[in-house]
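Next come the chains, spelled out residue by residue.
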Amino acid sequence: MEFRFEHAKTQHSIRAERDGESFRLRIGERTYLVDLVRAAGGELAFRIGDQVVTAHVARDGETFHVALGGQTFTLSVAKPNTRRSAAAGGAANLNATMHGQVVRVLVSEGDAVKRGQPLVLLEAMKMEMRVAAPHDGRVVRLLCSAGEVVQRGQALLELAED
Amino acid sequence: MFKRILIANRGEIAVRIIRACREMGIEAVVVYSEADADSLAVQLADRAVLIGTAPPNDSYLRAERIVEAARRTDCQAVHPAFGFLAENAAFAEMVREAGLTFIGPAPEAIRAMGLKTEALSRVRAAGVPTLPSYAGEGLIADFQQAADQLGYPLLVKAAAGGGGKGMRVVRAAADLAAALEASAREAGKAFADNRLFLERYIESARHIEIQVLADSHGNKVHLFERECSIQRRHQKIIEESPSPYLEARPELRAAMCEAALRAAQSVDYTNAGTVEFILDAHTGEFFFLEMNTRLQVEHPVTEAVTDVDLVQMQLRIAAGEPLPFRQSDLYQRGHAIECRIYAEDPAAGFLPSTGDLLCVQPPSAPHIRVDSGVRTGDTISIHYDPMIAKLIAHAGSRAEAIRRLDAALSAYTILGVTTNIAFLRDVLAQPEFVIGNTTTHLVEQVFAEWQPPFAPLPDSALIAAALSALLQSSAPAVGAAPAASDPFSPWAYPDNFRVGV
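So the protein sequences, as listed, match chains D and V.
Per our numbering, the first sequence starts with residue 632, numbered consecutively.
Per our numbering, the second sequence starts with residue 3, numbered consecutively.
Keep in mind that the hints were calculated from the coordinates and are not lab data.
Remember, it's a predicted structure, so these values are computed and weren't measured experimentally.
In silico EDC-like pairs for lysine to aspartate or glutamate, Cα to Cα no more than 16 angstroms straight-line: (1) K191/V - D387/V; (2) K745/D - D767/D; (3) K5/V - E25/V; (4) K5/V - E29/V; (5) K191/V - E759/D; (6) K191/V - E754/D.
Chain V with its partners taken away, still in its complex shape (with noise of 0.2 angstroms):
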């Protein structure tokens, strides 16, 4: 196993990279930016590499900076999470040049898959079922024909994408020019690769993915479904394990986890990676979307029904150990939703809102699960993801599990950015949500007009907000003890108070 590793990432996922590592004893060093020198994933880190400014592209995309600081600090690894660089085939290499092990899946399984068209190549010759779809490098014209053949409504997506960066539905032929124009600079942007293709959109679909985990001795084991229908922005915002959809349908299950297993094979995979899958819920078509070659963001719901941890179990491929278990020992038991929790608001077309976070007080409670990289103190800033914290519960049924999570919810105090927890309550409470009849177009069709419910100020409110004023202001002027113990207390003013309690 290895003695220490880098993490290039930051935020939640660096935190919980981290506490993997202090479980298996290995030491973690991290690299961060001007703007993360105070972060949590810092202050935990055993150590701790400045790489660059504030913007991603002179810090957590700077891949020589990142592989250098590795070498420096002596690490064996690099496990690079997700976004940023996880989906780098370059950046794989570098660090396979360096002498140094990736942990994730060799540079030509991310190479095959990053690339739409060659990922649907090969899993197409696996067996793996497709969407229609048009790959296209000509100009707007050859696309506009395409998409005549294709028929309307239909996707633009970039070639190099993920988590719905480029990505926009067209409903009609008079909006593809513009789309293809927005999509490509975005695409641009985010991965450095603005070309572009189009596929056939399913009106009524579930987005359904499956998580694979392979190690370098040639085992491969599924740890079945996530269902991610819930989504904003072409985002997900709630997800679940087990997938109410394939509860009911134990044989589509089968075919779905096989199929994931046969793109995996496709493309000589080892490590974690997700398979995900659009479903027709008319019809029960599923049709490959992509494969991602690294962890996902909502990995903490399979870890919570088949007690598997997937970052140790990424660590462990890396370092060239076996699975420890075959498909027959693996399981998925009980039902755990996870919800993101974003600076942003939901009633203003979920723009992110950015600032400093007054008061952040994450709940507790059995079978409860908090990732987050940010505390109080701490800024929403508008260089990275507004993902303040991703809230997950574990029950024995769906039932209790969404119960559990509104639970949680309205324990979790945030204050100072606007955020979207009544929005994520609203949804858990939507009768649609409850049933579990849940597809990708839930939220827009019945939340596009959603305003956050209106409650009457109570008088608790008002005596809360008058006391904490009237502890500034009465505060003794002379000889007061400082409150230097409470430095992010809302009454810790130059004008110091003491509670006279």
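Just chain D, same shape as in the assembly (with noise of 0.2 angstroms):
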């Protein structure tokens, strides 16, 4: 069975099969023989030659989380024609950069805007963040309240470059 994860923007490839109480693992032109010591609790310990490699393995939904030897992995599960789509004529969605909660909308539709002001005033764990105009230009659409709760990445606000 090959799988295909996506790390820090790269792909991987690896191929797993069973290989009687073993596994056989391919990695381009790497082969490893590996045992299962242990899979519980979200631990997974496997051996491969005289090494026990103990690893912390959590999923969620395609992104599998791994911890290692002290760091974190973050792999999820590579979609081979998966291509962003750029922003349509010069406008671009300003999103929130934490989740919480809509203090105060500070520009209406319409308005031009100057590097660095503040559009929009968040706050989580009462603490204030602003978020502000990356560049010169004209607010083209309000996304968001004041009040409303709203998720990190979620789309504040469209600001079209001047």
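Since each chain comes alone in its own frame, lean on the hints to assemble the complex.
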């Protein structure tokens, strides 16, 4: 069975198959014969030769979080034909930088704004955060309102570049 | 001693207090919000009382519901811990009027230290040095005039504040109005009091605080210092005791401890409290910042080096017992460092990272302490502080404590949210930190552009991901044993599997 993962914008392919009680894994030219030592409570321990590797793996939909050797790696199941669509017409969405509540929207649709001008005030855990204009431009459309709870990455407004 | 107390708090500190109660044979009742119904604190407490919905305004800040819960469960005392109502004099009064004991100082002391202007005049009168400042109730123009006299840079702070909420550095007159406005709004939200004040800002500052304990029989002791200079957004992330700066300056330490006791005396303080000072590293001058009339988040480092359990002391003092030791009995043994593990992204302005904790595996080793209120399956929500745990290492020397803490951090597994663990490890390895040259500006000066160290994906990580994917997909379709014993297993999906070992 072949798995394709994406990590740090790079695709990695690995073939994995059962071989009796063991697993045979191939990454490029490298082949590993792996014995499972333990798989419980999110902990996964496996033996490669005389080394036992202990990892913690948690799955969140198409994302695998792997903690190993004091580091955390986030791998997503790679989809071959996904390409980001570019924002059309020079206008782009300005997104929430954190999960929180909109305290105040400081601009109106059609307003001309200067680079660095605060546009939206967000708050989470009693911390206030200004979302400022990344460049001079014009507010095309407001996509949030005061009091609304927004997710990180959610579009707050559409800003056209001058 | 009390038979049963109520803990008016949540998370790791509620768990910490429950543990102290266990050791002392006291029953612990916690209050909780709907969001915390399945929390560790609720699980460990002898009894738990639901007091409202997730937002603190409808639960942990509802004084009347908390006092009612204490009466209904027949508690004799209320422990406020820190945050929420801990420094709310009206709450302390309400507890007292209900015939219960407030585990902390008298409301009068909380009120006097809680209003910065009152606190400053009290401690000044007691001969404790304070920073040049302006406490205004007036218009922005009054603040602007006062600011010009104090000179820039200066700090805008909330009069009722603490914990960095509502605090801002202003470096130029042009930025003052906007800073005042934002601070007033934050202060209003956090403390229901939007009054502000200004004070001189020290560029090369160290944050050093003194722990004090005072009983109701007139005995007062200090438990030496903690240095908390490593901060981000004016919030402490690494704290230690002793302070590397004071280690070489025993007279200065003695002077600061003496000043802290005088500050406590100025408000007839009882119970545990902390006097915070800002120290100018160039001149060695120190100034009173504020007194926190409660237990501190970073109290474990003091516990490690002094061998005193501060929470148990709080309970004994509140129950009317005299302090079981004198000043001359107290000592600092070795070195302890605490770091706060937050669900936040240090590479993106330390923004909180909310989400589900898919896997939490704390380290365990000699002289390592983990204070945490969450475990696998819990959620970091927007309603509360995003701290996941406090990790404390104790060792014979500072260098050993740093190594011990770093090893424990590397063994701390937290999956599902972004944490500051990699960041903390980089701070611990930073040369200025290693030599003890710690100032409150270290993080912003050295780590402003911090990015997580890039680690190429090792084959073993790829193998781990592939194996867990394979174990899920190759599960026997029929007759498989349900993985009910392991509900949080990442491979406990509808297609249960059985490992062929």
